[in-house]
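**Student:** Protein chains in written order, with our numbering: chain A, 1 to 197; chain B, 1001 to 1190; chain C, 2001 to 2207; chain D, 3001 to 3697.
In case anyone wonders, no lab produced these hints; they're calculated from the structure. One thing to keep in mind: the hints can contain errors.
Claimed, not checked - Derived lysine-lysine pairs resembling DSS-like cross-links, with alpha carbons at most 25 Å apart:
1) 3563/D x 3365/D
2) 3254/D x 3295/D
3) 2098/C x 1093/B
4) 1164/B x 92/A
5) 156/A x 77/A
6) 3552/D x 3216/D
7) 1067/B x 72/A
8) 1032/B x 3674/D
9) 72/A x 1125/B
10) 2098/C x 1187/B
11) 47/A x 2011/C
12) 3166/D x 1164/B
13) 1164/B x 39/A
14) 3391/D x 3327/D
15) 2011/C x 3166/D
16) 77/A x 149/A
17) 2067/C x 1092/B
18) 3175/D x 3365/D
19) 65/A x 1067/B
20) 2098/C x 1125/B
21) 3216/D x 3254/D
22) 3024/D x 2067/C
23) 3403/D x 3365/D
24) 65/A x 183/A
25) 92/A x 183/A
26) 3327/D x 3185/D
27) 3024/D x 1093/B
28) 1032/B x 39/A
29) 77/A x 39/A
30) 92/A x 1187/B
Said to hold, decoys possible - A few chain D residues that don't get close to chain B, going by computed Cβ distances all over 10 Å:
31) 3003
32) 3011
33) 3023
34) 3117
35) 3119
36) 3145
37) 3148
38) 3278
39) 3371
40) 3398
Because the structure is a prediction, the values reported are computed rather than measured. C-beta: ideal position from N, C-alpha, C; glycine also.
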Amino acid sequence: MRELVTMVVVLTVLSAFSGGLLSGLRDATAARIEVQQLKFVKGPAIKSILKGVSNDPIADRFVLKDGDIERKFFVGKFDGKANTIVLESFGKGYGGDIGLMIGINMEDDKIVGASVTTHSETPGLGATAKDDPGFVSQFKGLSINETFKVTNDGGKVNAMSGATITSRALCAAGSGAGTIYQKLKPQLAEKIKEFNE
Amino acid sequence: MGYMEILIGGIFVNNILLAQFLGNCPFLGTSKKMETAVGMAMAVVFVLVLAGVITWVLYAFFLVPFKLVYLRTIAFILVIASLVQFVEMFLKKSIPALYAGLGIFLPLITTNCAVFGACILNIDKELNFMKTLVQSTAYAVGFGLALILFAGVRERIILARVPKPLQDTSIGLVTAGILSLTFYAFKGMI
Amino acid sequence: MAKTFTQEFTKGLWEEIAPFRLVLGLCPVLGVTTTVENGIGMGLATTFVLVFSNLLVASLRNIIPSKVRIACYIIIIATFVVVTELLMQAFAYPLFLKLGVFIPLIVVNCIVLGRAEAFASKNSISFSIADGLGIGIGFTLSLAALGAVRELIGANNLTLWTTPTSVIGLQEVFGANFEPFAFMVQAPGAFVCLGLMLCGMNLLGSK
Amino acid sequence: MLEAILFMLGLGAGCGAVLSAASKVFYVYEDPRIAIVEGHTAAANCGGCGYAGCSAAAVAVVAGEAPPSVCIVAGPETTANIASVMGVDPGTAEPLLSYNTCDGGDRADNKFHYMGIGSCQALSSLYGGQRECPIGCLGLGDCVRACAFDALIIGSHGYPVVNEHKCVGCGACEKVCPKDIMEIKTMSQRLLHLNQFDDRIAPCQQTCPAEIDIPKYIMQIKHGDYEGAVNTIRERNPLLLSCGRVCPHPCEVKCRRGLEDQAVSINQLKRFVADHEMNSGSRLPVSVAPSTGKKAAVIGGGPAGLSCAFFLRRLGHDVTIFDDNPKLGGMIRYGIPEYRLPKEVLAWETQGILDLGVEHKPNVKLGRDFDIGALIASGFDTVFLGIGAWKDYTLGVEGENLKGCYTGINFLTNFATWQQEKPNDPRPFVGQKCVVIGGGNTAVDCVRTLVRLGAEEVSIVYRRTRTEMPANEVEIVAAEHEGINFVFLAAPTKVIEDEDGNATGLEYLKMELGEPDDSGRRRPVPIEGSETVLEIDMLITAIGQGPDVFFKEENKMLDADLKLTRWSTIDCEDEIALQASIPYIFTGGDSATGADLVVSAIGAGRRAARSIHMYLAGEDLTPPEKTLFTNNIPESIFDSVPGIVKEKRTPMPELPVDERIKSFVEADLVITEKDALYESSRCLNCCIYCYNPDNTT
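Given only the sequences and the hints, what does the whole structure look like? Please build it.
**Tutor:** Structure (structure tokens):
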């Protein structure tokens, strides 16, 4: 019996110790990991949207609460003035969620650029959305207040051949971004102001 | 994704041994004899399905709500190891006939990457409970299929004249490569 | 024991080089070695886990009851795997993206548990560290070698390290006209390549 | 942070608690050694050993199916630990080694040309293989492919060759061989093997009472591996120096070479390597199995006792030899004269046996100083009775106890004792006109000894003819050369005395040969009225001996249960198992068979050691059904051996007659190295079906 108790105790203490160690390390590295994730996962997309920014959009980010969900926003400064905001939204694609990073000029609500972040679409078909910027570049210059639809569904966006579902998902993601943007616009404007001060 | 796709994808397209490279140590170790291979395959099916389900429950009801997702590696391995040992003891006592068949293979599974890897993959794919069950079954059956096929091939290789340096594990690996290549043919299925 | 620190270290480099001599720890060997860089990264991660788990197992070897020792070793190893995972995310994120699912799998790498049980649980702390280092570096070398062969033939490149801005290594080693033999970087190629390299080792070993 | 700690705490406690509870609830008894062995393995459960996990490997180790070195991940310390759990001392743990039992290879003829799959398994399913020989190696190397340690190659002659340094005794080759050519054995197992009907052995090895692998040691001599040859002989015979001198070599009678020209001089080759070892100045190491902790008493330090003690010691038992005489050797020390076997040589040989850790208690006699019950009471587990045959048979004629009348063994022993131990005492009586009655080796030893002692006229009186004389041919020839007078076909009837009670004459009846008797010898029939008197002053009767079982009369409780035959030899139901009527008593040699050859006693000693070893392990002593024992494998006996070039046998060098009859210096000499190499090349290296006509191997 005594042996059993020792067994349980050693196992428990070791587990607890390990849990403590790991959570400590987790806390210590959490901030850095987040930066790294943003830098390498979202970074390339943000950079392609905000070509020629004068600040580091990943460093200049903030979080707003949209109901229960926390959303990240990245700020882009052009000519020293913070006027562009980048946010990510998701659409349901063929192989799961597709992330679309979309940049909006706060002054005229126009889309300055869009880029696909994550996807798990079929290689060679839907997956081209990420490698080939042709499709998402159609968003550029459109107003964020529109609802995006592919031409088949009566909208303006030309679908990628052979990847209608992916195209639809991206349109849905774009529209979703618009919804979020409109909903949080007042708070966003507040935040942007802070960056300009 | 439908259940059928998950099933076929798990067994053939993303075969855990030949496409995902998980569980290779016992793959080479226990494939020398058909008898051993069958026992191992059965044991993996049994444990993988059970482990898949339990880790899903652990993940969905404990790790996520308490924001402890980063602890999943350590939590899963602990649970799998305990599970395997528990099942072994249980079978030995309660169902000796079954234990004689697969009991001896159970300890081998504690550190089998296939079981652990499949659980991690399930979680990464964010499958729901039923899909986890199907996916785990698919992976396990795929493992068994590959192992048994491979054992069959290896029993034949013994009869071939293989150059000395290439014998045993070496030719085994090359054969596994060719087997893996044949599984490539399933890529178009989904 | 008359063995020295150096001997314990060097035996892992050739005599007991894990993937080839013992045919152990194959999952990562096959899975991540599409490039040299991945191989080295995985190897170093494993080395890290090996050294620290050996260290801890050796220091706790008199405390752990033998019946639950395997469970304890697993906890120790798993802890260091998570540590590696976290550190890699924080400091080498691109590598983390590539090695993805394979980092947690270090937990079930037979080499790590094997060394903990076979060596660290019976030897002093310093020897155990030497053993961990030796086996780990041997493992890294094997991974790098396999990665090099596969990448060279399969992708015509030799990537040693990728930074966000540049790539250290050789591109298009055999010239731009060489059509890479893509089979090598895919799953079947991994098996065949390892099998042939093992054959090469046998040739060398038997003279 | 707190959540993480609590979570892991809960998980650890939960798993621990469930497992501890389960280990109580689902407890099943298993051999505790399994858990200990498993504890020593690397516990990586990698499956690299081919077993399903470490516990399966541990089960296999405990069941004796896997060697202690089973774990490929762990190092030699683990092997040592496992070995110690299994009760074998890691330092001296007996390694299993693979042996190839067929070296026919390509020399065996083919029945058909085989073009199928390159595998022995496949080939053997086709009429049992393409070789004319149904039991030989097929040569396609399944064993080589099965060997994971590179320890096997198919040699240039088409049969597998084992590299002892690489072999780990895993048994893969043995399992895969369809012809059971490959054997995995420890030295102990090799020592215990008895010739079987399905063994691949030459006629000489079948015939040798000690079952020495004769072709193997001759081949080793041929290749200059004298040490190997000595070791080969020592696997079956610890007294190679003595045997090499006194053995009448029944093996040479069955030598196939003898069908065409002359038999290979097997015994001289044995003597050559044995002398080579002795003259090299050092002894070759002899392997001894780890101690079993069992004690065996060997009563009698003659050839049978020495052989039994030697093999029991090599099998790991503690052995004590109890002997009546001051020095070891028994009949070969006190019976065989110095000129045939120098006692210095014998002492060197017996010392080698004692050096293995055998204890020797001299000058104690069973029945006089101790009895078997006392031995058992003092902790001996088993007893070997090798008391020999020291009691001379008597003629049963009038006057045979007169002064000047002696018996053979008595005379030889008295003389040997004086010569070896009491040279300062007055010399035993030697007459001038001596007659020795008998035709065996004892009789010839007596006459040749008398000649050397200066007797003027020495005669042998034998009731049959020279052809029927059971003594060794060489001995008879030597006696003839030394001027012995032979009186054949003479049956003594009376010893004539003078008034002082001294023997002065021997009266005998002349005989003629009648019909052959059961033994195939023609029975001598007396001729009526042919009484003749031979003038004598000394008479020795050497007409045979039996065991001296006077200890039975002491009637100690245990000894009384010991059954004897009507020839007063010790009764054992099975002459292979050699177990007496009391289960822990074993016997062998002259005490079991009556006077016989030294080499037979050596063979019996080993058989008894085998039985004792198995008896101590609680195993069934019944020898395997196919045990050959003194029989020959019928198909191995040929009428002719085509294809050999006739070559002369090396003659035995000996001292010139006039030189040797003056002293007791050894008369027979050893052959030269050159002659040994020549003689060894005459060996055909036979097996059952094939042999080497061209002397190439």
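**Student:** None of the hints should be skipped; say for each whether it holds.
**Tutor:** These are the hints, each one checked on the structure:
{"no.": "1", "hint": "3563/D x 3365/D", "in the structure": "holds, 20 Å"}
{"no.": "2", "hint": "3254/D x 3295/D", "in the structure": "violated, 39 Å"}
{"no.": "3", "hint": "2098/C x 1093/B", "in the structure": "violated, 45 Å"}
{"no.": "4", "hint": "1164/B x 92/A", "in the structure": "violated, 55 Å"}
{"no.": "5", "hint": "156/A x 77/A", "in the structure": "violated, 30 Å"}
{"no.": "6", "hint": "3552/D x 3216/D", "in the structure": "violated, 44 Å"}
{"no.": "7", "hint": "1067/B x 72/A", "in the structure": "holds, 19 Å"}
{"no.": "8", "hint": "1032/B x 3674/D", "in the structure": "violated, 53 Å"}
{"no.": "9", "hint": "72/A x 1125/B", "in the structure": "holds, 23 Å"}
{"no.": "10", "hint": "2098/C x 1187/B", "in the structure": "holds, 22 Å"}
{"no.": "11", "hint": "47/A x 2011/C", "in the structure": "violated, 49 Å"}
{"no.": "12", "hint": "3166/D x 1164/B", "in the structure": "holds, 16 Å"}
{"no.": "13", "hint": "1164/B x 39/A", "in the structure": "violated, 52 Å"}
{"no.": "14", "hint": "3391/D x 3327/D", "in the structure": "holds, 19 Å"}
{"no.": "15", "hint": "2011/C x 3166/D", "in the structure": "holds, 20 Å"}
{"no.": "16", "hint": "77/A x 149/A", "in the structure": "violated, 30 Å"}
{"no.": "17", "hint": "2067/C x 1092/B", "in the structure": "holds, 18 Å"}
{"no.": "18", "hint": "3175/D x 3365/D", "in the structure": "violated, 50 Å"}
{"no.": "19", "hint": "65/A x 1067/B", "in the structure": "holds, 19 Å"}
{"no.": "20", "hint": "2098/C x 1125/B", "in the structure": "holds, 17 Å"}
{"no.": "21", "hint": "3216/D x 3254/D", "in the structure": "holds, 16 Å"}
{"no.": "22", "hint": "3024/D x 2067/C", "in the structure": "holds, 13 Å"}
{"no.": "23", "hint": "3403/D x 3365/D", "in the structure": "violated, 28 Å"}
{"no.": "24", "hint": "65/A x 183/A", "in the structure": "holds, 11 Å"}
{"no.": "25", "hint": "92/A x 183/A", "in the structure": "holds, 21 Å"}
{"no.": "26", "hint": "3327/D x 3185/D", "in the structure": "violated, 36 Å"}
{"no.": "27", "hint": "3024/D x 1093/B", "in the structure": "holds, 11 Å"}
{"no.": "28", "hint": "1032/B x 39/A", "in the structure": "violated, 48 Å"}
{"no.": "29", "hint": "77/A x 39/A", "in the structure": "holds, 17 Å"}
{"no.": "30", "hint": "92/A x 1187/B", "in the structure": "holds, 23 Å"}
{"no.": "31", "hint": "3003", "in the structure": "violated, 5 Å"}
{"no.": "32", "hint": "3011", "in the structure": "violated, 6 Å"}
{"no.": "33", "hint": "3023", "in the structure": "violated, 6 Å"}
{"no.": "34", "hint": "3117", "in the structure": "violated, 5 Å"}
{"no.": "35", "hint": "3119", "in the structure": "violated, 4 Å"}
{"no.": "36", "hint": "3145", "in the structure": "violated, 6 Å"}
{"no.": "37", "hint": "3148", "in the structure": "violated, 6 Å"}
{"no.": "38", "hint": "3278", "in the structure": "holds, 44 Å"}
{"no.": "39", "hint": "3371", "in the structure": "holds, 54 Å"}
{"no.": "40", "hint": "3398", "in the structure": "holds, 82 Å"}
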